[in-house]
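Enquirer: Residue-level listing of the chains:
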Amino acid sequence: MRTNPRIINTLVRWGLNAQAYFTVAILVVIIGIIFFKGFPQVNFGFILSFPQDMGRHGGIFPAIVGTIQLALLSILLATPLGVGTAIFLTEYTRESAFTKLIRFGVESLAGIPSILYGLFGFIFFVIKLRMGWSLLAGVLTLTIMILPTIIRTSEEAIRAVPRQLRIVSYSLSASKWETIKKVVLPAAMPGILTGIMLSIGRAVGETAAIIFTMGSSLRLPLSLMESGRTMAVHFYILAREGISMEKAYGTAVVLVLSILFINIIAYYIMNKTIARYS
Amino acid sequence: MIDRTVLKEHFVKWVLVAFALSSLLFLFLIFAFILGEGLPLFLKVGAKKIIFGMKWAPTKGYFGIFPMIISSFLVTLGALTIGAPLGLSCAIYLSEYSGKRMKMLLKPAIELLAGIPSVVFGFLGVIYIVPLVRNYLGGSGFSLISTSLVLGVMILPTIISISFDALVSVPKTYREASAAMGATKWQTIYKVIIPSAKSGILASFILGMGRAIGETMAVIMIAGNALKIPTSLLDPLRTLTGNIALELAYATGDHRLALFSTGVVLMIIIMALNYIANFGIKRKIAK
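Going down the list, the sequences are from chains V and C.
Residues in the first sequence are numbered from 1 upward in steps of one, following my numbering.
Residues in the second sequence are numbered from 1 upward in steps of one, following my numbering.
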């Protein structure tokens, strides 16, 4: 006897529906646990004071500052490089062996796992270039790591700018670079910003590549050559070495909240852009 | 005299070429330095003794990483066993069934899941999954199955978003033709849409594998990091990535070189997976 295809159809629909809700539930549970356990630990003192006794007491101020320094400096380096690459790929060449080669490079960089970036940053920046465990070594490693994201999102954003805008600009006798600077880039800016925000989110959450390049000093890094610690690294050390579960949860809340906030802004900008072009 | 604007245009173009070349330069540097540190030990000790060696005691001259290679593949397969069906179901639901409101909920939820740092997954794994496995299944809880569970969830966003793209790009006419012949929605999905999106779906699995095999921080927190090939789902294990992360901070001499050799093996596996995935995706576009 064959089962009625309509019954199977309904059962499948229910099954798929349940799995979709299950995926959302995973996210809700993860965020729920972190918030529920962590919020009681967080107050102004926790955010603004220095850790004491390896982080067993006190706050996470240097880790917050370290995270901001690392994220902003690597964005500052990666954005011109990434947007520049995207402009070159979209505006200055046709598809050729050369662009294929560059795309291959970008794709490969995107596929490399963060521990290999850590390994590379450790041997190249920390040891061979004698930077030691330092903010600078962390920034340079992270710059390379987030570059593919910025290139891809910028390229998509620039491609989405309508051709007519460029043609009008040329007809007003603007040069190519003037057109890009005054017409194309402003129109593509929301998309580029989305890429930048996503990269910041990635920088804030990264651990494996940072711990071997920036190190894990608990002091506030006051120069590029000093070691420091990001929130993610601080959280990892607190949890793994069992220093303090309360402080680990507290750090996790600040960490996850910042990343959620950054990503939500990114999607807000993206959705607004999609709405405008369609 | 050359016009200043023309000069500036040329200048800008060459700067942009240099920027574009920087990605290639970085890739070259990464390859050169990881290979440069990792290969000498292969020549000195012999590739066979490293890749198929069973014993890892780098300070005593044993550099065998075979158990870690096997372990890396085992957790990856475990992650795929969990992540692939769940991820594909979500992708099918999103592209074929969900209404606009559910889509508005699911898509950002998946993106946010992708944004959660791996240390957070590792931490929650240690606090909740490991004791669960210890209490109900036995062993220490730091095990193949705990690691697979957590990694399975971590690779969901990759699998969902890439197979969703593949499913959505199946032309609408296929669906209409199938429906016109009296097929139910599921028959259409099963017999028409999934086969036409096959290469993209496979690519999503392979990229998910790449993500799982490269994952580090969550794995070292949950896997238990024991130095042998796991014989059951409840055994602890150490992956290639874990080996690097656990020992890099204090390793010196040949020990450090051995960690770079581990990195070389990892890099070759990842490159192969990415190549296969990109090949699959490209074939889909060509079609």
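Since the hints were derived computationally from the structure, they do not count as laboratory data.
Honestly, I wouldn't trust all of these hints.
Heads up, simulated DSSO-like pairs for lysine-lysine below, C-alpha to C-alpha not over 27 Å straight-line [stated by the list, open to error]:
| id | chain 1 | residue 1 | chain 2 | residue 2 |
| --- | --- | --- | --- | --- |
| 1 | V | Lys272 | C | Lys13 |
| 2 | C | Lys103 | V | Lys181 |
| 3 | V | Lys176 | C | Lys13 |
| 4 | V | Lys100 | C | Lys198 |
| 5 | V | Lys100 | C | Lys13 |
| 6 | C | Lys107 | V | Lys176 |
| 7 | C | Lys198 | V | Lys272 |
| 8 | C | Lys100 | V | Lys182 |
| 9 | V | Lys272 | C | Lys44 |
| 10 | C | Lys103 | V | Lys128 |
Partial selection, computed: residues in chain V whose CB lies under 10 Å from chain C [what the hints assert, rightly or not]:
| id | residue |
| --- | --- |
| 11 | Leu11 |
| 12 | Asn17 |
| 13 | Leu73 |
| 14 | Arg159 |
Backbone N, C-alpha and C fix where the C-beta goes; we use that ideal spot for every residue, glycine too.
Enquirer: Hints first: check each against the structure and report whether it holds.
Expert: Cross-check of the supplied hints:
no.: 1; hint: V/Lys272 to C/Lys13; in the structure: violated (31 Å)
no.: 2; hint: C/Lys103 to V/Lys181; in the structure: violated (36 Å)
no.: 3; hint: V/Lys176 to C/Lys13; in the structure: holds (10 Å)
no.: 4; hint: V/Lys100 to C/Lys198; in the structure: holds (25 Å)
no.: 5; hint: V/Lys100 to C/Lys13; in the structure: holds (18 Å)
no.: 6; hint: C/Lys107 to V/Lys176; in the structure: violated (38 Å)
no.: 7; hint: C/Lys198 to V/Lys272; in the structure: violated (32 Å)
no.: 8; hint: C/Lys100 to V/Lys182; in the structure: violated (36 Å)
no.: 9; hint: V/Lys272 to C/Lys44; in the structure: violated (58 Å)
no.: 10; hint: C/Lys103 to V/Lys128; in the structure: violated (49 Å)
no.: 11; hint: Leu11; in the structure: holds (9 Å)
no.: 12; hint: Asn17; in the structure: holds (6 Å)
no.: 13; hint: Leu73; in the structure: violated (17 Å)
no.: 14; hint: Arg159; in the structure: violated (16 Å)
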